[in-house]
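Asker: Letter by letter, the chains look like this.
Protein chains: 2
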Amino acid sequence: MNYHQLVEAIKAKKNFLCVGLDSDFEKIPKHLLQFDDPIFEFNKRIIDATKEHCVAYKPNTAFYESQGAKGWSSLQKTVDYIGSSHFIIADAKRGDIGNTAEQYAKAFFENMNCDAVTISPYMGRDAVLPFLKFKEKFAIVLALTSNESAKDFQFFGDGKTTLFEKVIQQSNHWGNEENIMFVVGATKPEYFKQIRAIAPHHFLLVPGVGTQGGSVADVCKFGLNKNVGLLINVSRQIIFASSGIDFDKQANAAAKQFAAEMKNYVT
Amino acid sequence: MNYHQLVEAIKAKKNFLCVGLDSDFEKIPKHLLQFDDPIFEFNKRIIDATKEHCVAYKPNTAFYESQGAKGWSSLQKTVDYIGSSHFIIADAKRGDIGNTAEQYAKAFFENMNCDAVTISPYMGRDAVLPFLKFKEKFAIVLALTSNESAKDFQFFGDGKTTLFEKVIQQSNHWGNEENIMFVVGATKPEYFKQIRAIAPHHFLLVPGVGTQGGSVADVCKFGLNKNVGLLINVSRQIIFASSGIDFDKQANAAAKQFAAEMKNYVT
Numbered sequence: 001m002n003y004h005q006l007v008e009a010i011k012a013k014k015n016f017l018c019v020g021l022d023s024d025f026e027k028i029p030k031h032l033l034q035f036d037d038p039i040f041e042f043n044k045r046i047i048d049a050t051k052e053h054c055v056a057y058k059p060n061t062a063f064y065e066s067q068g069a070k071g072w073s074s075l076q077k078t079v080d081y082i083g084s085s086h087f088i089i090a091d092a093k094r095g096d097i098g099n100t101a102e103q104y105a106k107a108f109f110e111n112m113n114c115d116a117v118t119i120s121p122y123m124g125r126d127a128v129l130p131f132l133k134f135k136e137k138f139a140i141v142l143a144l145t146s147n148e149s150a151k152d153f154q155f156f157g158d159g160k161t162t163l164f165e166k167v168i169q170q171s172n173h174w175g176n177e178e179n180i181m182f183v184v185g186a187t188k189p190e191y192f193k194q195i196r197a198i199a200p201h202h203f204l205l206v207p208g209v210g211t212q213g214g215s216v217a218d219v220c221k222f223g224l225n226k227n228v229g230l231l232i233n234v235s236r237q238i239i240f241a242s243s244g245i246d247f248d249k250q251a252n253a254a255a256k257q258f259a260a261e262m263k264n265y266v267t
Numbered sequence: 001m002n003y004h005q006l007v008e009a010i011k012a013k014k015n016f017l018c019v020g021l022d023s024d025f026e027k028i029p030k031h032l033l034q035f036d037d038p039i040f041e042f043n044k045r046i047i048d049a050t051k052e053h054c055v056a057y058k059p060n061t062a063f064y065e066s067q068g069a070k071g072w073s074s075l076q077k078t079v080d081y082i083g084s085s086h087f088i089i090a091d092a093k094r095g096d097i098g099n100t101a102e103q104y105a106k107a108f109f110e111n112m113n114c115d116a117v118t119i120s121p122y123m124g125r126d127a128v129l130p131f132l133k134f135k136e137k138f139a140i141v142l143a144l145t146s147n148e149s150a151k152d153f154q155f156f157g158d159g160k161t162t163l164f165e166k167v168i169q170q171s172n173h174w175g176n177e178e179n180i181m182f183v184v185g186a187t188k189p190e191y192f193k194q195i196r197a198i199a200p201h202h203f204l205l206v207p208g209v210g211t212q213g214g215s216v217a218d219v220c221k222f223g224l225n226k227n228v229g230l231l232i233n234v235s236r237q238i239i240f241a242s243s244g245i246d247f248d249k250q251a252n253a254a255a256k257q258f259a260a261e262m263k264n265y266v267t
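Line by line, the protein sequences give chains A and B.
Read left to right, the first sequence gives residues 1 to 267 (the working numbering).
Read left to right, the second sequence gives residues 1 to 267 (the working numbering).
By construction, these hints were calculated from the structure, which means they are not laboratory data.
Positions of the beta carbon are idealized from the N, C-alpha and C atoms, including for glycine.
You can take every hint at face value.
Example chain B residues on the side facing chain A (calculated, C-beta under 7 Å, incomplete): (1) Trp-72; (2) Ile-97; (3) Tyr-104; (4) Asp-152; (5) Lys-166.
The task is simple: from the sequences and hints, build the whole structure.
Answerer: Spelled out as structure tokens, the structure:
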């Protein structure tokens, strides 16, 4: 799914919700453990229950890697199951260089049909450019993250520019809104205005709404652009809305509620 | 293998060589493709051929992930095969937070018996602390990397301190030389002096010797400390010394040569 198709999907569905598939083996409902691949069974039901109310899915690779080779297989099956109807983000926060980064790009863009991979920019452009070689795919670069210790380094600067601003400015030299997005946490809504000043056209992937305390309204206030330009991610508050046998029904209700809130912002 | 055991191994073997298992499926000798798991067969022979001349192995996870679930299995078998005789670094450059980082720590420290994982510090302490909860394991934090575009952000600063120095300074508040190491590239030997001023006791994992152009002598000049404090990694120049049926013999010769050069620096 390319930039224009994503914008179309958002306008058609009137929401910009991304469901985070942080499918922690320890937290999935116990009645699914009887299946051969409980994580995939969980994801399948969550996808069926939420697909009408979201435009994107974001599996975080950590929850699959922690299950070894079997987890990697659950991830592959999940991406295949989602198919091409939704934008798929491998939340991998990879950040390596040259031929190594190419291997990661191959893993997520060729072997799996993901549309985007999240990238840690610490090593500079060498960590980003290999992902941009793939047509109609995205590198989603960490800029200002939602966690408390984002301030350890992301606000470090020379008095004029902070690191997260420099990351966005530099990324603008490497690609554009059709192959780069940025991660900006919902827990720091006061920064959306200055980020939109240097990245007016890019999509921003926004974690931190829900359990972490950010709100859709605060993010939209300065985050929206003419093509919406936001993918707001919610993980736990949707996928673990219930741990009972009605988990998919509760996930559906939670996703529906977030989507309904977003409807007001899609024109 | 903990800090003291690593120092002992270095003193006993009189080298501080780490062999990088960047076992690219496209580059391994063709005669190994007949095996069910060519990457593991390749690694097994490389390990047998080099174990006498090195103290550590560093598989880069990208080359395994690019082979999907099967690659993850090759990685698991490789780590098992190395066992406890050598220090094992999962070069994963992970960098996520909280319960997600814990999943990565579990993947590499519990499911696999790695001794260390490389970590990208962009998200701050939240990305590092979960790894430090594991006794006698290491987070190896990216500080000054060997690639050209390290300069994009790592030298950014306020006129007094650069980002890579700030990463080291902050890390010193989170742990010590018994659970943290730093990545410092051999291609920037002029910075080892100032890095040793702020991290006198830590081990430095040093990529960039060999194909990338760095030298053992340059790194040792200012990088050595009283416990050696260096793990110099060489990947391609050892594991791909030959692509013929004699690849393991050539890998042995290359490792032996690097180890011999290091002997002069271990007292």
